[in-house]
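Novice: Residue strings, one per chain:
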Amino acid sequence: MDDTTTPLKKTPLTALNIELGGKMVGFAGYDMPVQFPEGVMKEHLHTRAKAGLFDVSHMGQVILRPKSGKLEEAALALERLVPVDILGLKPGRQRYALFTDAKGGILDDLMVANRGDHLFVVVNAACKEQDLAHMRANLSVLCDVVELTDRALVALQGPAAESALAALAPEVADMAFMDVRGVSILGVDCIVSRSGYSGEDGYEVSVPEAKAVEFVRSLLANPDVHPIGLGARDSLRLEAGLCLYGNDIDTGTTPVAAALEWAVQKVRRSGGARAGGFPGADVILAEFDRGAPRRRVGIAPEGRAPIRGGAALYRDETSTEVVGQITSGGFGPTAEAPVAMGYVETGLSSVGTRLFAELRGKRLPVAVAALPFISPRYKR
Amino acid sequence: MLKFTEDHEWLNVVDGIATVGITTHAVEQLGDLVFVDLPETGATLARNDAAATVESVKAASDVYCPLDGEVVEVNEAIRNDPSLVNADPQAGGWFFKLKLANAADAEALMDEAAYLALVG
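For the record, the sequence lines run as chains A and B.
Residue numbering for the first sequence follows numbering that gives the first Met the number 0, beginning at 0 and increasing consecutively.
Residue numbering for the second sequence follows numbering that gives the first Met the number 0, beginning at 0 and increasing consecutively.
Hints in this document: simulated from the structure, not taken from any laboratory.
Treat the hints loosely; a few may be bogus.
27 Å max Cα-Cα, derived BS3-like pairs, lysine-lysine [what the hints assert, rightly or not]:
#1 Lys378/A with Lys49/A
#2 Lys41/A with Lys22/A
#3 Lys89/A with Lys69/A
#4 Lys96/B with Lys361/A
#5 Lys9/A with Lys210/A
#6 Lys98/B with Lys361/A
Between the sequences and the hints, there should be enough to build the whole structure, so can you do that?
Specialist: This is the structure:
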């Protein structure tokens, strides 16, 4: 017995994941399914063809409620931690955000929703405790920071997601990409967003723990909906060009280097009405003007061999100078080819630039590629 | 003579030439293969050398050389279509043929009954 090992935490759906044949692994301290009997390849393809259901309850769900009752105060408080326009986020809308640090690095990526009288934030499982401490330390004067620990979070992704969820709650069909609504499903109050992390249309549903299993069973009763594990979640997000925190972005990467300029609205950039005022603003805003020394790009291996995170990139077959690194890579079942992303010197970041990746002692040709590797099907 | 290793390779030895592949159990654990890297014909390998690599969507795994020998043939068909390994791991999905340095070495390896007991 190793008494230093902390037992893995369970989600409201862990028992059901096991019952469904999930191959369970430890992920960010939780006992999570990496795949179901269908296997990663078919789970991935099924999600893009019909609908995949993911237990993402390990992620942190947090409410920021302004003590004054004025949402603007919570929005402006949160803007001190993220280079994102939160004040301009309309009720019933959600957007992607980044917690930055004083050096302009990324502490975590998150989703922020305006729920009318409060903000609803979803953060990564691995960063949850640190993010909560960060928000409590910086926002508590103006906001109550409350983690919702009694709710599951379920993602339903794919072209059949709308019909599957609308069968339980018809109003979700009217939602557009990044809309957020309170919706009654099976008689309980759920928070539904039209979003996800697969490159497909779909939803994320925050459902009270007590109804989580019934909710998931109701969805799985639809033959279009299959349970999907973390393996396919990773290959889906990689094909969609979406970053995995800890792999593709971290405190050593800035928003500009990570090619996440789109997440920083003009109002927070130099010349904007609320320019700066977030950690690392001097570094980040300077990079908006001058660029970053390296840049996140798609990487398409020319051969069939998947090239995974950690592989070094070189200018040619013999150079010893490392000019970049793969941060995520694998096989793209929909792309039907190996796909990857990584960082390269900015001068080498144009699409089509030919580089070499080192794999098992061999230099293999790759090309800088446009992201995403698939055509996203978000419902705008 | 059909033999197995603890690393989930099988080898079928005929006249000192071992046809080597990975077991049905290994394939079930790996899932759908998307890439197979094979040794070069003519390579001399020692027991436990990394001889080949298999990749699923999620991860890469090494295939070890079960005994000392020289690679005399590789299965180009699985290089072109790795799913052949999933479809028929213990026959058509073979990886390479190894001319054993000492044909008698194979006798010490597990037989099928012992291997099946190992993987339960």
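Novice: Next, verify each hint and record whether it holds.
Specialist: Hint check results:
1. Lys378/A with Lys49/A: Given that 27 Å is the threshold and the Cα spacing comes to 15 Å, the pair holds.
2. Lys41/A with Lys22/A: holds (15 Å)
3. Lys89/A with Lys69/A: holds (14 Å)
4. Lys96/B with Lys361/A: Judged against 27 Å, a Cα distance of about 23 Å means the pair holds.
5. Lys9/A with Lys210/A: holds (16 Å)
6. Lys98/B with Lys361/A: holds (26 Å)
Checked against the numbered hints above, the structure breaks none of them.
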